[in-house]
Structures are given as structure tokens and as C-alpha cells.
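Student: Below, each chain spelled out in residue letters.
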Amino acid sequence: MKLFRWWRGILLAFLLLAVLRFFLPLPFSNEIIIFSIYTMGCSFLLGRVGFISFGQPAYLATGAYATAFYLFYFGTNPYIGILIGILAGLLISLIVGPLFVRLRSDYFALVNLALAVIIFYMLQKVLVDITKGDNGLWFLTNIASTPVLDLSKPNHFYIFAFLVALAIWALYKYLNDTIYGACCLASKINEDKVKFLGYSNFKIRLTAFVIANTTTALAGSMYAIYLGFVSPEMTSAHRAADPVVVTILGGVGTLYGPIVGAIAYTGMKDLISGLIGNWELFIGFLLVFIMLAGEKGIWGTLEPLLKKALFRKNAFKSE
Amino acid sequence: MMDTQLLISGVIFGLSIGSIFFLMAIGLSLCFGLMRIISLDQLLYYSIGAYITYSISLVTGSLWLGALAGMVVAGVISFGVERFIFLRIYERDIAFTMIASFGVLIGGVGVIKSIWGVIPRPVPIPMVTQISILGTEVPFYRLLVVVISLLVYVAIWLFLNRTIIGKAIRAGIEDVEHVEGLGINVYRLFTTTFIIAGTLSGLAGGLHAPLIMVDPQMGLEVMPFVFMVVIIGGLGSIKGTLISAFLVGQVVSLGSLIYAPLAQMAPFAIMLLILLIKPTGLYGSKLLKR
Chain A
4 MKLFRWWRGI LLAFLLLAVL RFFLPLPFSN EIIIFSIYTM GCSFLLGRVG
54 FISFGQPAYL ATGAYATAFY LFYFGTNPYI GILIGILAGL LISLIVGPLF
104 VRLRSDYFAL VNLALAVIIF YMLQKVLVDI TKGDNGLWFL TNIASTPVLD
154 LSKPNHFYIF AFLVALAIWA LYKYLNDTIY GACCLASKIN EDKVKFLGYS
204 NFKIRLTAFV IANTTTALAG SMYAIYLGFV SPEMTSAHRA ADPVVVTILG
254 GVGTLYGPIV GAIAYTGMKD LISGLIGNWE LFIGFLLVFI MLAGEKGIWG
304 TLEPLLKKAL FRKNAFKSE
Chain B
3 MMDTQLLISG VIFGLSIGSI FFLMAIGLSL CFGLMRIISL DQLLYYSIGA
53 YITYSISLVT GSLWLGALAG MVVAGVISFG VERFIFLRIY ERDIAFTMIA
103 SFGVLIGGVG VIKSIWGVIP RPVPIPMVTQ ISILGTEVPF YRLLVVVISL
153 LVYVAIWLFL NRTIIGKAIR AGIEDVEHVE GLGINVYRLF TTTFIIAGTL
203 SGLAGGLHAP LIMVDPQMGL EVMPFVFMVV IIGGLGSIKG TLISAFLVGQ
253 VVSLGSLIYA PLAQMAPFAI MLLILLIKPT GLYGSKLLKR
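Chains as they are written, first to last, in the working numbering: chain A, 4 to 322; chain B, 3 to 292.
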């Protein structure tokens, strides 16, 4: 019973997502799932550890390009490609993590943005022999069919992405419940007291950084496999704010915020760019409006209301 | 390895580009120091300054008039943005102001695109005079840019150290609540600082316009360098910003002489190195979070 309780929230959310699949076009559902995995890392960093990162595209591109290199030059198995993407994300976050997590939150945001821009330049200009610059790498035909879940088919890919997202959510929910999750929150609120309790702020933050950015890299390699091509465009400065915006739109630090935010943001972007050519203008003012509107985000506002409604219903039943 | 002529012109190029970086970074740095916001929209005022300069200099034929108009327009727009957007979210977390300012930047770029179009436009250089330094012909305009930015530095220094408002701003960078306790209206200080920052960014755009092409993405193109300048110098420090601006300018210019992609990579490497030694940048103090 206890186990069921623990899983209840996640299963409910994903059941809704699975139902949505039948009402929305497939590319849109895939986009939402991958985007919400992408945002989850950022949401964890911002909500739990208090680090705002404007450089998530850097890690996204690391994962995507690692997968792309493997599929373009070496092999054909998409699962190994994803594994390589995850490893690359782990590697880069282990390299830059110790440097970055020592910084204050504001410097952290700027340094990450700078890293994203540098990776953009590297992919676009410096490593042009390997990455083919702005043309990107196309490898859709290189992806081999695999026996159980055939990732080259969007239909099967959706099931795979869904399962991955479920696993990631379970992982983050587990993390939030452990002592480690409590330590993260504590180091956000008062780092001196964490030190008094005998925990190392540096280690807590480094672990969080590595976990979050490995998740981001995983989202990147899933993007690569889903789209079948990668280009430096994904790290461009325009998209740097996307995950942070979705995080805040959904509700900072909440577990379901990333899903709600991803659905809302992707939906709005699709609608607006379909209606008007000059979408930048509207996205810009939309961002300002969202920031002015409130701190809690969509899920942060809805959650207490939902809980209240559910609680009342339960109370009514028990009577 | 490298002849002196190339070296001298490289150094002059680095100095002039460093001056532009300085004029822009000073706004970001002041805004962070006093208000604790990361104001990405300074890059928009830079683009606006450049575009107004382009339009005015096309009509009147004078770049100086254009740069002046660019400064004024950028200042007015920054005043409006501060009043309508930032005043409402100063109290919130730094993430909110950063994204709101990013939204202003993206939206502003959209407005620029719809007014002037997406095609890059050239702005004529106002003076083609070359003067010779140690036998190398150097464009006079680049030297003038350096002189102007040094004048701005002196003016900002005098403003911050010799006037009562400037002293209040400096005190605010140390501790805003005490300044408020002395009966000074800090929100008026915030507005003043923001307008100064926006005006200087507009000036940077106006001065930079003849050296490059004016296009809607120009703000996003200089963004990484301005960030590196601010980070290396330390957020909130004017002296650090000046030094790091010229440092980054030289690294960009001399680095590209040695190996072209180095222009983008080398400043980043230096930034990482400096952060490794001193996590707050060269002159940044250990500011407390508000």
C-alpha cells in the first residue's frame, strides 16, 4: 500500500500523458516528452539547489552530438548511441562541474551561458571538419532497426521516450525523498548551517550538477535520434532561456512542473509560430508577461487547489 | 613570427573593440552591483543605438549626430522598460529579472526586424584619416573610440566619487538597506543607474556601428564577450570592468592574428582560469545575496 502511495502521483500524471497521446499529433507528443526530460534537470538545479543555469543547451548539445558522431561515423545501434550520449554528458559535467559549482548563483548563470556560446562556436566553426558546420549531421538512414522497440519508427520511439521519462521521474521523486534531497534544499536555503551539520556543500552541489546535466544530455541524445539530425542551432543563444522559462512557467522545484510547463510552452510556440511569422516578438513579450504574472507558475498555482479538491472528496467519502 | 605592423594594428584593433565592450559591460556591471539584476536587455539598447545611428546618419550624413540620437533613444527606452517591467520584479529572485530582460531582448530584436528588416546594413565611417604610429597606418576613428571610452570612464569615476547621487549609488552597492535607512529613495537611484547603463549601451552601439555591419542579431553576437568582460572584471566593479574589457579586447584581436578560431575560444579559457583562482572575478567583492 505504501509502495502504491509513493507511485500514485507519478502514475497518475503519466496516465494522463498517455491519454493525451491519442488526442495530440505524434510529433507534438514526442516533443513534449523530450522537452520535459530536458527541463527536469534544470528544474532540479533551480528548485532544489538554487542554481539558475542559462547554459543547459551546452549539455543538450553534448549529448546530441556524442550520439550523432557515433551514428554518423561508427555504428548503427541507437541504444548504444544513447548510452554514449549519456556518458558524454557525465564526462563534461564532471569536467566543468568542480569549476562551476564553487561559484555564486549569479556567476554560475553567466558562466554556463558563456559555455553554451563557446560550444556553439566550436560546433559551428572550430570543429567544422567533423560537425559539418551549419549544415549539421544527417544520419536518419543510419539508424538500424532494433528487435523489441524500433527507435527509427516515431510510434515506437514514443513508447521508449515515455518509459525513459517515467524512469527519470521515479529517480527524481526518489532523490527528493532521500536525505540527499533534503541536503540539496538545505544548501539552497542556508549553506552555513549545512556546513555545521557536517555535510560538504561542494559535494552536494557537484552531485546535483552531475545528475541534472546527465539528464539533460540524455534528452539531447533522444532529440538526436528522434529528429535524425543535429545542427549547432540547438545551442544558439535564442534557445538558452527555454528550459529556465519552462521551469518557471510550470512551477519551480515542483515534480510535475516540467511536464505542465513543457505542454504549455510547446503548445504556445506551435500556435504562435503557425499564426504569425515574427514569433520572436511574441515569445519575448510572453516571457516578460509570464515573469510579471507570478512566481509560482502553472503547477504551483494548481497544486494546492487540486489537493484541496481531492482532500475534500476523500473526507466526504470517509464520512 | 609576426611583424610589427601587424602587431600594432592588432593592438589598436583590440583597444577599440575593448572600448566597445567596456561601454556595454559597465551597464551590466552597475545594474548588477546596485539592483542585483542581470540585465540582458542592455544588448537591446546597443542594437537600438546602432540602428538609430544608421538611420540618422543616413539622413543627416553625420555619425556624431546619429550616435547622440542613439544614446537619447536608448536612454528613453531603458527608462520605459525600467518603469514598466523591472520596477515590479526587483524584489524577486535573480532568475526572474534575468528571464524578463531576456524576453525584452528577444522581443526588441523582433521589433527591430519588423522596422528595419533582417538584411545587414553598412554605416559609413565618418573619417577616413589614417595616422601613422611607428610606421604603421592606423585608422583615426578607432583611436577616437578608445579616447571616448576613456573619457566615459573618467566621467563615471567623477560621477560616482564626487557627486552625492554617485556616492549614494556606491553606498547602495555595498548595502542597499542602510542607504534606504538614511532616507534616500533607492528606487530613484535604481532608475538613474538603469538609464545611465542604457545610455552607455546605446553609445557603444552607435560607436560600433561604422566598424561592423548593423544587423538585428548584433546584440546576441557580442553577448558572450560582454559577459566574459563582466565576469572577469567582477560584477559591480568599474575599475575591474575597464581592465578586463581591454584584456578581452587584446585577447580577441591578437588571438585571431595567431589562429582565427582562437578569437572566440581564448577569452573563455582566460575566464575559466581567473575564476579558478578567484571565483568572484578580478575586482569583485564577496557581495552578500539580498
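Among these hints, one or two may not hold up.
Stated by the list, open to error - Quick list of in silico lysine-lysine cross-link-like pairs, DSS-like style, CA-CA up to 27 angstroms:
#: 1; chain 1: B; residue 1: Lys280; chain 2: A; residue 2: Lys272
#: 2; chain 1: A; residue 1: Lys128; chain 2: B; residue 2: Lys115
#: 3; chain 1: A; residue 1: Lys176; chain 2: A; residue 2: Lys311
To be verified - Pair ranges (Cβ atoms, derived):
#: 4; chain 1: B; residue 1: Phe86; chain 2: A; residue 2: Ala170; range: 42 to 50 angstroms
#: 5; chain 1: B; residue 1: Glu223; chain 2: A; residue 2: Phe292; range: 42 to 50 angstroms
#: 6; chain 1: B; residue 1: Ile121; chain 2: A; residue 2: Leu295; range: 46 to 54 angstroms
#: 7; chain 1: A; residue 1: Phe25; chain 2: B; residue 2: Arg90; range: 36 to 44 angstroms
#: 8; chain 1: A; residue 1: Leu14; chain 2: B; residue 2: Lys241; range: 52 to 60 angstroms
#: 9; chain 1: B; residue 1: Pro126; chain 2: A; residue 2: Asp137; range: 29 to 37 angstroms
#: 10; chain 1: A; residue 1: His159; chain 2: B; residue 2: Lys280; range: 36 to 44 angstroms
Stated by the list, open to error - Under 10 angstroms between C-beta atoms, here's a sample of chain A residues computed to sit facing chain B:
#: 11; residue: Phe77
#: 12; residue: Thr79
#: 13; residue: Leu113
#: 14; residue: Leu116
#: 15; residue: Ala117
#: 16; residue: Leu118
#: 17; residue: Thr250
#: 18; residue: Ile251
#: 19; residue: Phe288
#: 20; residue: Leu295
#: 21; residue: Gly303
#: 22; residue: Glu306
#: 23; residue: Pro307
#: 24; residue: Leu308
To be clear, the hints were calculated from the coordinates, so they are not data collected in a lab.
Even glycine gets a Cβ: it sits at the ideal position worked out from N, Cα and C.
Student: Which constraints among the numbered hints does this structure fail? Numbers only, ascending.
Tutor: 1, 5, 6, 10, 11, 12, 21, 22, 23 and 24
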